[in-house]
Amino acid sequence: MANRITLEVTRYHPAHDEKPRLEAYEVPLRKEWVVLDALNYIKDHLDGSLSFRWSCRMGVCGSCGMTVNGVPKLTCATFLSDYAPGPVRVEPMKNFPVLRDLIVDTSDFLLKLAKSKPWIIRKVEKPLDEEYFQTPTQLDAYKQFSMCINCMLCYAACQVYGLDPLFSGPAAIALAQRYNLDSRDQGAGERLDILSHHEGIWGCTFVGECTKVCPNNVDPAGAIQQYKLTATMEWVKSFVLPRGAK
Amino acid sequence: MINPTEYLPKSYHTRISTYWWLTRWAYLKFILREASSVFVAWIVVLTLLQIRALTDGPAEYAELQKWLQSPLLLALNAVSFFFVVFHAVTWFNLAPKAMAIRVRGKRLPGLAIAAPNYVAWAAISAAVAWILLRG
Numbered sequence: 000m001a002n003r004i005t006l007e008v009t010r011y012h013p014a015h016d017e018k019p020r021l022e023a024y025e026v027p028l029r030k031e032w033v034v035l036d037a038l039n040y041i042k043d044h045l046d047g048s049l050s051f052r053w054s055c056r057m058g059v060c061g062s063c064g065m066t067v068n069g070v071p072k073l074t075c076a077t078f079l080s081d082y083a084p085g086p087v088r089v090e091p092m093k094n095f096p097v098l099r100d101l102i103v104d105t106s107d108f109l110l111k112l113a114k115s116k117p118w119i120i121r122k123v124e125k126p127l128d129e130e131y132f133q134t135p136t137q138l139d140a141y142k143q144f145s146m147c148i149n150c151m152l153c154y155a156a157c158q159v160y161g162l163d164p165l166f167s168g169p170a171a172i173a174l175a176q177r178y179n180l181d182s183r184d185q186g187a188g189e190r191l192d193i194l195s196h197h198e199g200i201w202g203c204t205f206v207g208e209c210t211k212v213c214p215n216n217v218d219p220a221g222a223i224q225q226y227k228l229t230a231t232m233e234w235v236k237s238f239v240l241p242r243g244a245k
Numbered sequence: 000m001i002n003p004t005e006y007l008p009k010s011y012h013t014r015i016s017t018y019w020w021l022t023r024w025a026y027l028k029f030i031l032r033e034a035s036s037v038f039v040a041w042i043v044v045l046t047l048l049q050i051r052a053l054t055d056g057p058a059e060y061a062e063l064q065k066w067l068q069s070p071l072l073l074a075l076n077a078v079s080f081f082f083v084v085f086h087a088v089t090w091f092n093l094a095p096k097a098m099a100i101r102v103r104g105k106r107l108p109g110l111a112i113a114a115p116n117y118v119a120w121a122a123i124s125a126a127v128a129w130i131l132l133r134g
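Protein chains in written order, with numbering that gives the first Met the number 0: chain A, 0 to 245; chain B, 0 to 134.
What the hints contain is simulated information worked out from the structure, not anything from laboratory work.
Note that CB positions come from ideal geometry on N, CA and C, so glycine has one too.
A portion of the hints provided could be inaccurate.
[Claimed, not checked] Reference excerpt, derived from the structure (chain A facing chain B, CB under 7 Å, subset only):
#1 18
#2 21
#3 98
#4 104
#5 109
#6 136
#7 224
#8 230
[Stated by the list, open to error] Straight-line alpha carbon distances no greater than 25 Å define the calculated SDA-like cross-link-like pairs of lysine to any residue that follow:
#9 B:9 with A:139
#10 A:227 with B:83
#11 B:9 with A:112
#12 A:236 with B:97
#13 A:142 with B:85
#14 A:142 with B:40
#15 B:28 with A:162
#16 A:42 with A:31
#17 B:105 with A:42
#18 A:211 with B:9
#19 A:227 with B:112
#20 A:227 with B:103
#21 B:28 with A:205
#22 B:96 with A:68
#23 A:18 with B:112
#24 B:28 with A:204
#25 A:142 with A:215
#26 B:105 with A:183
#27 B:96 with A:143
#28 A:211 with B:89
#29 A:18 with A:31
#30 B:105 with A:139
#31 A:211 with B:85
#32 B:28 with B:121
#33 A:211 with A:68
#34 A:227 with B:94
#35 A:42 with B:9
#36 A:211 with B:103
#37 B:96 with A:188
#38 A:211 with B:92
#39 B:9 with A:66
#40 A:227 with B:104
With the sequences and hints as input, model every part of the structure.
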């Protein structure tokens, strides 16, 4: 294995640059290094002005999502040696406005996430000294969707979101579904009203790339299709059943 | 007036190319899957034309058959057959994603949902073939 590899990194300074450009850096190629280690090497030894987000370095915080050789990846879980002999192209996540270098503006996602009400909604709260019990089977019903770390790789992979920024997007819908399937939750109706429209679940054309890039196997594409089935059943029920029987 | 205290950074917005679906095989496969609906619609129209010709009488049906033997129609139907098969296969393969069926608390594996679709497809095709080919 050669002991060095070239990284082509996006550079963009909003005050000086009209548009982003690529800059090449040569970094050591070590077996145990991930792309994030190489970026930190550049920042520490070659160019301290390179800007990127990162925190935990172990696939938990979801901060270091970038585009590596065209594919959305968590750079802390993407080994450099898999791209040898290089070069490796590191760009900001697609479909988001670029603020500087590899940093994107995630405000749109945060607004959409809040809109889908990803918290437990109760019609009547139990007194504080009473618990909400849940069996392992009830936990299993939503556990997969609760593994989302809000890394937004699914938004970077979603062509629908890229073409129509009004689309709620994969993670926001998967997280809505996570609470819909929670036995303690009673807010499925509220979320259905918010998400069963053209910019919500029906905007998804099931390209399926969101599921492929998800580092935690959340399967947002599956969540959306299952939600479509639920929404259709609710629509049928609204015709068949008398008002208020839902 | 813009609130001077509001954080309004300048940012760069990329645009998706019109030809984004040519950049990756997965995207092209998706577009082909969606486009296959057009050929499915054509097969439906063709079936309706056949039923109409059948009800009109043997002469009309023979005329339709002659029209269907033209090279253009043969080529169109060959392409349509490929797309209809592609449509069915991709639909059956995606069905387990949309259906999370739980039996005794455990989610059924994808194969258990896709397989009955394939079995039904094969059985119905065999039945149709038997009706048409028995002489």
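Hints and how they fare:
At about 6 Å, the closest approach between the beta carbon of residue 18 (chain A) and any beta carbon in chain B falls short of 7 Å, and the interface hint on this residue holds. Because the beta carbon of residue 21 (chain A) sits about 14 Å from the nearest beta carbon in chain B, more than 7 Å, this interface hint is broken. Hint status for residue 98 (chain A): holds, given a least beta-carbon distance of 5 Å to chain B, under 7 Å. Here the hint on residue 104 (chain A) is kept, as its CB sits about 6 Å from the closest CB of chain B, short of 7 Å.
Here the hint on residue 109 (chain A) is broken, as its CB sits about 14 Å from the closest CB of chain B, past 7 Å. With a cut of 7 Å, the hint placing residue 136 (chain A) at the interface with chain B holds, because the nearest CB-to-CB distance is about 4 Å. Nearest Cβ of chain B to the Cβ of residue 224 (chain A): about 4 Å, under the 7 Å cut. The hint holds. Taken as an interface hint, residue 230 (chain A) does not check out: its beta carbon lies about 12 Å from the nearest beta carbon of chain B, beyond 7 Å.
For the suggested pair residue 9 (chain B) and residue 139 (chain A), the alpha carbons sit about 44 Å apart, so the restraint of at most 25 Å is broken. Between the alpha carbons of residue 227 (chain A) and residue 83 (chain B) the distance comes to roughly 24 Å, so the proposed pair stays at or under 25 Å and holds. Taken as a hint, the residue 9 (chain B) and residue 112 (chain A) pair is honoured in the structure, with Cα atoms around 24 Å apart against an allowance of 25 Å. Under the criterion of a C-alpha separation no larger than 25 Å, the hint pairing residue 236 (chain A) with residue 97 (chain B) is consistent with the structure, at around 19 Å.
Restraint check for residue 142 (chain A) and residue 85 (chain B): not satisfied, since their Cα atoms lie roughly 33 Å apart, outside the 25 Å limit. In summary, the hint linking residue 142 (chain A) to residue 40 (chain B) is not supported, as the alpha carbons are separated by about 40 Å, beyond the 25 Å threshold. With a C-alpha separation of about 18 Å, the suggested pair residue 28 (chain B) and residue 162 (chain A) falls inside the 25 Å cut-off, and the hint holds. Between the alpha carbons of residue 42 (chain A) and residue 31 (chain A) the distance comes to roughly 19 Å, so the proposed pair stays at or under 25 Å and holds.
Distance hint between residue 105 (chain B) and residue 42 (chain A) is unfulfilled; the C-alpha atoms sit about 48 Å from each other, more than 25 Å. Distance check on the hinted pair: residue 211 (chain A) and residue 9 (chain B) sit about 32 Å apart at the alpha-carbon level, beyond 25 Å; violated. Taking the CA atoms of residue 227 (chain A) and residue 112 (chain B), the gap is near 17 Å; set against the 25 Å cutoff, the hint holds. Distance hint between residue 227 (chain A) and residue 103 (chain B) is fulfilled; the C-alpha atoms sit about 24 Å from each other, no more than 25 Å.
About 12 Å separates the Cα atoms of residue 28 (chain B) and residue 205 (chain A), which keeps this hinted pair within 25 Å; it holds. In summary, the hint linking residue 96 (chain B) to residue 68 (chain A) is not supported, as the alpha carbons are separated by about 28 Å, beyond the 25 Å threshold. For the given pair, residue 18 (chain A) sits about 48 Å from residue 112 (chain B) by alpha-carbon distance, which is inconsistent with the 25 Å threshold. A hinted pair counts as satisfied when its Cα atoms are at most 25 Å apart, and residue 28 (chain B) with residue 204 (chain A) qualifies at roughly 13 Å.
Restraint check for residue 142 (chain A) and residue 215 (chain A): satisfied, since their Cα atoms lie roughly 11 Å apart, inside the 25 Å limit. The straight-line distance between the Cα atoms of residue 105 (chain B) and residue 183 (chain A) is roughly 19 Å, inside the 25 Å bound, and the hint therefore holds. Using a Cα cut-off of 25 Å, the hinted pair residue 96 (chain B) and residue 143 (chain A) holds, with the two alpha carbons roughly 13 Å apart. Between residue 211 (chain A) and residue 89 (chain B) the alpha-carbon distance is near 16 Å, which keeps this suggested pair within the 25 Å criterion.
For the hint linking residue 18 (chain A) to residue 31 (chain A), the alpha-carbon distance of about 34 Å lies beyond 25 Å, and the restraint is violated. Between residue 105 (chain B) and residue 139 (chain A), the direct Cα distance comes to roughly 8 Å. Compliance with the 25 Å bound is thereby established for this hinted pair. A distance of roughly 21 Å separates the Cα atoms of residue 211 (chain A) and residue 85 (chain B); the hinted pair therefore holds under the 25 Å criterion. This hinted pair checks out: residue 28 (chain B) and residue 121 (chain B) have alpha carbons roughly 24 Å apart, not beyond 25 Å.
Restraint check: the Cα-Cα separation between residue 211 (chain A) and residue 68 (chain A) comes to about 15 Å, which is no more than 25 Å; the hinted pair holds. Between residue 227 (chain A) and residue 94 (chain B) the alpha-carbon distance is near 12 Å, which keeps this suggested pair within the 25 Å criterion. For the hint pairing residue 42 (chain A) with residue 9 (chain B), the CA-to-CA distance comes to about 23 Å; that is within 25 Å, so the pair holds. With a C-alpha separation of about 28 Å, the suggested pairing of residue 211 (chain A) with residue 103 (chain B) is violated against the 25 Å cut-off.
Distance check on the hinted pair: residue 96 (chain B) and residue 188 (chain A) sit about 23 Å apart at the alpha-carbon level, within 25 Å; holds. The suggested pairing of residue 211 (chain A) with residue 92 (chain B) holds, with an alpha-carbon distance near 15 Å, which does not exceed 25 Å. Proximity of residue 9 (chain B) to residue 66 (chain A) is assessed by CA-CA distance (about 21 Å); at most 25 Å being required, the pair is judged to hold. The suggested pairing of residue 227 (chain A) with residue 104 (chain B) holds, with an alpha-carbon distance near 22 Å, which does not exceed 25 Å.
Taken one by one, the earlier hints fail for this structure at numbers 2, 5, 8, 9, 13, 14, 17, 18, 22, 23, 29, 36, listed in ascending order.
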